[in-house]
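Take the sequences, apply the hints, and build the full model.
Protein chains in written order, with the UniProt record's numbering: chain A, 1 to 165; chain B, 1 to 165; chain C, 1 to 165; chain D, 1 to 165; chain E, 1 to 165; chain F, 1 to 165.
By construction, these hints were calculated from the structure, which means they are not laboratory data.
Don't take each hint at face value.
Calculated cross-link-like contacts (lysine to aspartate or glutamate; reagent style EDC-like; alpha-carbon spacing at most 20 Å) [unchecked claim]: (1) A:24 to A:151; (2) A:24 to A:154; (3) D:24 to D:151; (4) D:24 to E:105; (5) B:24 to B:154; (6) E:24 to A:154; (7) F:24 to C:105; (8) B:24 to B:151; (9) F:24 to F:154; (10) A:24 to D:105; (11) C:24 to B:105; (12) C:24 to C:154; (13) F:24 to F:151; (14) C:24 to C:151; (15) B:24 to F:105; (16) E:24 to E:154; (17) D:24 to D:154; (18) E:24 to E:137.
6 protein chains.
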Amino acid sequence: MSDLDRLNHFNVLGEARMVDVGEKAVTIRAAWAVGEIVMAAATLECIESGRMGKGDVLGVARIAAIQATKRTWELIPLAHPLLLTGVEVELMPAHDPARIVCHAEVRCAGQTGVEMEALTAVSVGLLTIYDMCKAIDRGMSMRNIGLLRKEGGESGLWERGPSSA
Amino acid sequence: MSDLDRLNHFNVLGEARMVDVGEKAVTIRAAWAVGEIVMAAATLECIESGRMGKGDVLGVARIAAIQATKRTWELIPLAHPLLLTGVEVELMPAHDPARIVCHAEVRCAGQTGVEMEALTAVSVGLLTIYDMCKAIDRGMSMRNIGLLRKEGGESGLWERGPSSA
Amino acid sequence: MSDLDRLNHFNVLGEARMVDVGEKAVTIRAAWAVGEIVMAAATLECIESGRMGKGDVLGVARIAAIQATKRTWELIPLAHPLLLTGVEVELMPAHDPARIVCHAEVRCAGQTGVEMEALTAVSVGLLTIYDMCKAIDRGMSMRNIGLLRKEGGESGLWERGPSSA
Amino acid sequence: MSDLDRLNHFNVLGEARMVDVGEKAVTIRAAWAVGEIVMAAATLECIESGRMGKGDVLGVARIAAIQATKRTWELIPLAHPLLLTGVEVELMPAHDPARIVCHAEVRCAGQTGVEMEALTAVSVGLLTIYDMCKAIDRGMSMRNIGLLRKEGGESGLWERGPSSA
Amino acid sequence: MSDLDRLNHFNVLGEARMVDVGEKAVTIRAAWAVGEIVMAAATLECIESGRMGKGDVLGVARIAAIQATKRTWELIPLAHPLLLTGVEVELMPAHDPARIVCHAEVRCAGQTGVEMEALTAVSVGLLTIYDMCKAIDRGMSMRNIGLLRKEGGESGLWERGPSSA
Amino acid sequence: MSDLDRLNHFNVLGEARMVDVGEKAVTIRAAWAVGEIVMAAATLECIESGRMGKGDVLGVARIAAIQATKRTWELIPLAHPLLLTGVEVELMPAHDPARIVCHAEVRCAGQTGVEMEALTAVSVGLLTIYDMCKAIDRGMSMRNIGLLRKEGGESGLWERGPSSA
Chain A
1 MSDLDRLNHF
11 NVLGEARMVD
21 VGEKAVTIRA
31 AWAVGEIVMA
41 AATLECIESG
51 RMGKGDVLGV
61 ARIAAIQATK
71 RTWELIPLAH
81 PLLLTGVEVE
91 LMPAHDPARI
101 VCHAEVRCAG
111 QTGVEMEALT
121 AVSVGLLTIY
131 DMCKAIDRGM
141 SMRNIGLLRK
151 EGGESGLWER
161 GPSSA
Chain B
1 MSDLDRLNHF
11 NVLGEARMVD
21 VGEKAVTIRA
31 AWAVGEIVMA
41 AATLECIESG
51 RMGKGDVLGV
61 ARIAAIQATK
71 RTWELIPLAH
81 PLLLTGVEVE
91 LMPAHDPARI
101 VCHAEVRCAG
111 QTGVEMEALT
121 AVSVGLLTIY
131 DMCKAIDRGM
141 SMRNIGLLRK
151 EGGESGLWER
161 GPSSA
Chain C
1 MSDLDRLNHF
11 NVLGEARMVD
21 VGEKAVTIRA
31 AWAVGEIVMA
41 AATLECIESG
51 RMGKGDVLGV
61 ARIAAIQATK
71 RTWELIPLAH
81 PLLLTGVEVE
91 LMPAHDPARI
101 VCHAEVRCAG
111 QTGVEMEALT
121 AVSVGLLTIY
131 DMCKAIDRGM
141 SMRNIGLLRK
151 EGGESGLWER
161 GPSSA
Chain D
1 MSDLDRLNHF
11 NVLGEARMVD
21 VGEKAVTIRA
31 AWAVGEIVMA
41 AATLECIESG
51 RMGKGDVLGV
61 ARIAAIQATK
71 RTWELIPLAH
81 PLLLTGVEVE
91 LMPAHDPARI
101 VCHAEVRCAG
111 QTGVEMEALT
121 AVSVGLLTIY
131 DMCKAIDRGM
141 SMRNIGLLRK
151 EGGESGLWER
161 GPSSA
Chain E
1 MSDLDRLNHF
11 NVLGEARMVD
21 VGEKAVTIRA
31 AWAVGEIVMA
41 AATLECIESG
51 RMGKGDVLGV
61 ARIAAIQATK
71 RTWELIPLAH
81 PLLLTGVEVE
91 LMPAHDPARI
101 VCHAEVRCAG
111 QTGVEMEALT
121 AVSVGLLTIY
131 DMCKAIDRGM
141 SMRNIGLLRK
151 EGGESGLWER
161 GPSSA
Chain F
1 MSDLDRLNHF
11 NVLGEARMVD
21 VGEKAVTIRA
31 AWAVGEIVMA
41 AATLECIESG
51 RMGKGDVLGV
61 ARIAAIQATK
71 RTWELIPLAH
81 PLLLTGVEVE
91 LMPAHDPARI
101 VCHAEVRCAG
111 QTGVEMEALT
121 AVSVGLLTIY
131 DMCKAIDRGM
141 SMRNIGLLRK
151 EGGESGLWER
161 GPSSA
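Printed below as a string of structure tokens:
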């Protein structure tokens, strides 16, 4: 089987489809994704001071990230609908360069994995931070958004290697 | 006015709100965003060969990106609803490293900008590529997602400088 | 300009886009669509008797049709979001063959027409009738779904001619 | 039991409800639906030439059809939410009269059937073709939209007979 | 364990999360909720006369209530997605004071309860009545919205006591 | 004109419709709504202590309330889509009885009012509090949900009188 054949979102005619996973076993699935938004040091300061007393940027972004996991199948055309059983999102300030790092963990018992849900959580969490801070810093950028690890399913465990981009 | 005060998604008590833009003039708004997904060379080859005859990964991603702009206000908690008048999304293969670069341009006549819509288009376009290629390459990662330029509104023109991240 | 060029949902590279309507005037738009679902005579009888006292199939279908107009831009990838100002849906039993005929009228002040909203209302109204009656008649079929008339916009009035399919 | 009683989307008072399927067995369900959009010969030519090189009308319609299956329960008021395991959509040009024929196949393991999902895929696929071609042909009309076959569940296999409308 | 610890929508850092229910057994869940909207006697009369022949306020509200149960997880940020198997909504006029009382019953087989779905049905049903009657009575108010009973899950049966608010 | 005629969500046949507001002037609209959720004193204590350091129940409810305003037209069948320009939501603990009081203010420039958006914000804000505290207090109930004031439009200013329920 060539790699091309393995792009299984297409049938033999190359037409997009939602791959049938009906024959797959229901197993516990989990996925962890990460990503970050780089910003001016003054912007990060602003967010951090807000956390202390008022203006909870990270609290709003966390809710947006969690909610986005539940609508992943609406955003990604060929993704399967599935029933998530748990979602955790962590948003942590970091320095050099000034940034917020977002981690998401998503769990489900189903016939297909939750990698897209974890990646969508990270993307929407970071976009929400951008939205709330754009009035003071339009130059923010998002990077290093990727999968860290996934468990469950036929292909089993996968972990990002040290050399991954 | 301190920077903190300029995080205007919060009121004086630090509580989140949707900022009232009712007094702002309706002007033509436009925003351009960019971002890329880095992948194994073999994955890019697979996508490129698919474009030639069958398996149109980029065509599906483009549709997902355009549709996502119309739902940005559902994903981003404090974003205003607005009526987009035009969206264009471009997805281009590039090399060293192997990647797909996504550009989005969004237009609207309204009281608030369309930066979030352009950034959401790019994020969802890239996520859709990830979804369609993940069976052969889980190590892909997204980077350099940011605003390139925006026009219209009180703050007028903004362009990313050469030193931006 | 060839006909091909007039399929303006694509740019010069043939890539899908949401056409920019930002330069178009805001005018009053209206569209009327029609369609019908053909069924067994016993099914129609069942619906009609239900209308008299209990089991309001047509009332539920009418609500579904109206609601669908508000989400047309989510269903049709390149449709523009717009703010409908009025929707009316009529569902009428007819005979020889036994059927329900659905008419929809949609109004809006905007930069683009409401033909898709009227057609979506008809389609979803008929699908809802199918859903509610399928337990007794899976052989129902939908037909003659099309635009009757549209007003407003640059292209002005259009009416279905007598020879239309 | 009279036919009226079998319109089970209503309780004994004739009030709409979502029928309780909690006691039904989880079985593999599948449904096949079909429908077509009739158009001017020039319009079909335009679509077909587009397929060859640029302007992929059918590719966009296929994605819209697949996505619509995942939101059927939002469109059809009394439909049950369910987790689809697979969707395939085929769009084929045909002649005399000039038209595109849409076939959809939907699969699921659940307590209720997927007929509505298959019919919704066909309807939204055809509506999307209408949207993309309406600038050159407002007289297109949709017809012969119906169920071809369904499997699974208590009522088992059903196939459209030769005499169906 | 203190009560605070039992607000399990937060992790040990007090950050919101979607609690993992993956280890919980799948059991049959049911919940019953109630609520009412108080109005001027003339408004109730208007609704009741409408029921008799035309203007079916309660029929529209019932559909809105049923549909809202299917989207509860989109509205309530930390609610789990789940597949409802049945929903019934009853809307009854009552007097002294003039009001409509709404009862909802929701059923599901899952790892988490359906209390929120039943309460959301009642809230949206009452809001829909408000919408349809507000032109003649803006002073209507909603009250006594609460859970009556729930079954299933680890915590088993719960019933509202006589002294509940 | 009788009161019955003024239930204008129905046509002369008593069939539901989305009333045409296309002839109405675009004016600035605002609406204020209120409501409360009554709970055990221990539950309120739990929420209040959470606000101080961790477990921000009210912060999550505020976001849910704001987001719900943007989807009001999806929930309420005959509500018009409109573009909100501003939303503020306040959630305040109160005692005797122990409760959280929710105030919402919604603004828009449009052809129809925003009463439903303000009431929906309050309802969903209170439901979200219920969701987050239900593990320790299923007996909570919601009450006094109503409109306080609305401005703009043909009917102009309306304020709740002292004798309102």
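Do the hints match the structure? See the list:
{"no.": "1", "hint": "A:24 to A:151", "verdict": "holds, 15 Å"}
{"no.": "2", "hint": "A:24 to A:154", "verdict": "holds, 8 Å"}
{"no.": "3", "hint": "D:24 to D:151", "verdict": "holds, 15 Å"}
{"no.": "4", "hint": "D:24 to E:105", "verdict": "holds, 18 Å"}
{"no.": "5", "hint": "B:24 to B:154", "verdict": "holds, 8 Å"}
{"no.": "6", "hint": "E:24 to A:154", "verdict": "violated, 23 Å"}
{"no.": "7", "hint": "F:24 to C:105", "verdict": "holds, 18 Å"}
{"no.": "8", "hint": "B:24 to B:151", "verdict": "holds, 15 Å"}
{"no.": "9", "hint": "F:24 to F:154", "verdict": "holds, 8 Å"}
{"no.": "10", "hint": "A:24 to D:105", "verdict": "holds, 18 Å"}
{"no.": "11", "hint": "C:24 to B:105", "verdict": "holds, 18 Å"}
{"no.": "12", "hint": "C:24 to C:154", "verdict": "holds, 8 Å"}
{"no.": "13", "hint": "F:24 to F:151", "verdict": "holds, 15 Å"}
{"no.": "14", "hint": "C:24 to C:151", "verdict": "holds, 15 Å"}
{"no.": "15", "hint": "B:24 to F:105", "verdict": "holds, 18 Å"}
{"no.": "16", "hint": "E:24 to E:154", "verdict": "holds, 8 Å"}
{"no.": "17", "hint": "D:24 to D:154", "verdict": "holds, 8 Å"}
{"no.": "18", "hint": "E:24 to E:137", "verdict": "violated, 47 Å"}
The structure shown violates the earlier hints numbered 6, 18.
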